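Sequence lines, in order, name chains G and S. Here the first sequence is numbered in this note's numbering, starting from 1 and rising by one per residue. Here the second sequence is numbered in this note's numbering, starting from 306 and rising by one per residue.
By construction, these hints were calculated from the structure, which means they are not laboratory data. Values in this document were obtained by computation on a predicted structure and should not be read as measured data. Note that CB positions come from ideal geometry on N, CA and C, so glycine has one too. Heads up, some of the hints might be wrong.
[Unchecked claim] Here are some chain G residues pointing at chain S (derived, C-beta under 7 Å):
id	residue
1	Ala60
2	Asn62
3	Gly111
4	Arg141
5	Glu148
6	Gln151
[Claimed, not checked] Computed Cβ-Cβ distance ranges for the label pairs, DEER-style:
id	chain 1	residue 1	chain 2	residue 2	range
7	S	Gly350	G	Thr216	36 to 44 Å
8	S	Tyr324	G	Ala285	42 to 50 Å
9	G	Ala280	S	Glu395	29 to 37 Å
10	S	Thr348	G	Ser181	24 to 32 Å
11	S	Asp411	G	Val112	30 to 38 Å
12	G	Gly265	S	Lys313	48 to 56 Å
13	G	Glu68	S	Arg404	44 to 52 Å
14	S	Lys408	G	Glu261	12 to 20 Å
15	G	Glu164	S	Asp411	36 to 44 Å
16	G	Ile51	S	Ala384	12 to 20 Å
These are the residues of each chain, in order.
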Amino acid sequence: MEALRIEGGFRRKDRRRQIEIDNYVDFASMKRITPAAALMLASEYDRAITIFKAPNWLRAVNIEKWSEEVVTTLDEVGFLDLLGVDSRLSSIVVRDGKYIVPFLTGAKVHGVTIDKLIRAMAELADSSGGHNSEELLQRSRVYDGLGEAIQNVEDHAYPTGAFEDEPVAKKWWMTGSVEPSNKRFTVVIYDHGVSIPVSLPRWQRFAEFCSAFATTVGIEYDPNASKHDGEAIANAVQLGRTSTGKAWHGKGLPLIRDIVENCAGGTLRIFSRCGVYTYAPGKDAEYSSNEVQISGTLVEWDLFL
Amino acid sequence: MTIINVGKDFSRTPGGRRYNSGPDSGELFRERFLLPALQRAVTQGDRVFVVLDGPRGYLSSFLEEAFGGLIRRGYFTKAQLKRHLDIRAEDSFYETYRRLALKYIDEANPEVALAG
Chain G
1 MEALRIEGGF RRKDRRRQIE IDNYVDFASM KRITPAAALM LASEYDRAIT IFKAPNWLRA
61 VNIEKWSEEV VTTLDEVGFL DLLGVDSRLS SIVVRDGKYI VPFLTGAKVH GVTIDKLIRA
121 MAELADSSGG HNSEELLQRS RVYDGLGEAI QNVEDHAYPT GAFEDEPVAK KWWMTGSVEP
181 SNKRFTVVIY DHGVSIPVSL PRWQRFAEFC SAFATTVGIE YDPNASKHDG EAIANAVQLG
241 RTSTGKAWHG KGLPLIRDIV ENCAGGTLRI FSRCGVYTYA PGKDAEYSSN EVQISGTLVE
301 WDLFL
Chain S
306 MTIINVGKDF SRTPGGRRYN SGPDSGELFR ERFLLPALQR AVTQGDRVFV VLDGPRGYLS
366 SFLEEAFGGL IRRGYFTKAQ LKRHLDIRAE DSFYETYRRL ALKYIDEANP EVALAG
């Protein structure tokens with residue numbers, strides 16, 4: 001959550017468009033960072049570059065004092081490159097038995113980009129003793145899950161008029177990591193959109209959703225209140241799974257969940273605004289709501305193939 | 306008989322729903338491949354075979370727009386598609402997509418009045 005607070009602080013800072021003021025990045029106090037959090041940071045800086053033409057006015061300082069692990073993870077995800085800091089890596093290297101693929105970004109459902117991530121992860125796995133990783137990833141339908149997540153971004157994340165006061169890049173960012181010895185593949189996709197809880201009123205089955213939410217939570221659904229975001233996401237996923245054939249563009253959510261069913265094991269986590277939804281096959285879905293919100297939605301699949 | 310092999314004739318990486326969703330969308334596949342082939346087939350009393358094998362995978366939105374869209378857009382009736390469209394999946398991996406495509410045709414309702 002430390003990374004999320006930093007991310008939120010950055011967004012407040014660049015909103016003021018204080019180009020002439022000295023803007024700098026110093027993560028010397030950060031001890032560790034996960035690839036998912038690094039992706040979120042990278043996305044914020046990519047947004048700053050897209051909208052405010054950073055890094056002409058944004059620079060990294062005190063890098064020599066940053067934790068080695070933090071610098072390396074940020075480097076591997078591609079974050080340092082955004083800041084104009086020369087990468088110390090000539091290629092993707094294994095660290096603690098794990099590879100991280102530099103982030104990819106886009107603004108549309110771009111199958112070639114999804115394919116690129118899958119191929120990169122498969123090549124890394126097979127270069128360290130894995131076999132048929134590309135086939136395993138295909139059979140797990142990772143392509144479909146990432147595609148559904150991106151289609152959800154396209155359909156719901158950036159509605160017209162939602163970001164008039166706060167410019168967003170209207171993009172998605174994704175990365176992946178590979179732990180060949182455990183046949184473990186982690187895929188993360190993030191967007192800066194309005195979030196699932198906020199987008200729910202635009203969905204075709206919102207009335208049914210409200211009814212289900214009222215039954216399970218005991219109160220009327222209010223998209224402006226974030227206290228029950230976890231329950232909101234869980235109800236949206238469940239409603240999609242019990243769909244009785246009506247056209248509903250929200251059906252992507254259960255398909256996103258189903259990827260973990262196609263694997264030997266794994267976990268799906270969805271963070272959206274304050275909500276956290278976790279699903280692992282054979283277990284009941286878990287959900288909760290944090291006090292600190294993230295901007296948008298992050299989906300993470302942790303897969304054992 | 307017309308055979309459309311999605312992976313070879315269209316794309317190994319099918320995209321999302323509409324043209325504006327990005328490249329290789331379900332709408333593009335429907336309008337550029339399915340629609341003209343089916344119009345010919347209906348006129349000539351022939352059949353169109355669509356082979357789903359080959360691509361990396363499919364999004365539900367692609368399949369719904371490509372196949373369900375044939376009904377929704379009022380291009381054909383379900384009876385016409387039953388007579389003239391044959392969706393194939395040789396590999397069991399693609400059978401899931403075949404069933405989804407058929408489901409989307411079955412669930413779709415015309416949004417515009419059928420001509421003629």
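Each hint, compared with the structure:
no.	hint	result
1	Ala60	33 Å, violated
2	Asn62	40 Å, violated
3	Gly111	3 Å, holds
4	Arg141	6 Å, holds
5	Glu148	6 Å, holds
6	Gln151	5 Å, holds
7	S:Gly350 - G:Thr216: 36 to 44 Å	54 Å, violated
8	S:Tyr324 - G:Ala285: 42 to 50 Å	35 Å, violated
9	G:Ala280 - S:Glu395: 29 to 37 Å	33 Å, holds
10	S:Thr348 - G:Ser181: 24 to 32 Å	59 Å, violated
11	S:Asp411 - G:Val112: 30 to 38 Å	31 Å, holds
12	G:Gly265 - S:Lys313: 48 to 56 Å	35 Å, violated
13	G:Glu68 - S:Arg404: 44 to 52 Å	51 Å, holds
14	S:Lys408 - G:Glu261: 12 to 20 Å	18 Å, holds
15	G:Glu164 - S:Asp411: 36 to 44 Å	42 Å, holds
16	G:Ile51 - S:Ala384: 12 to 20 Å	52 Å, violated
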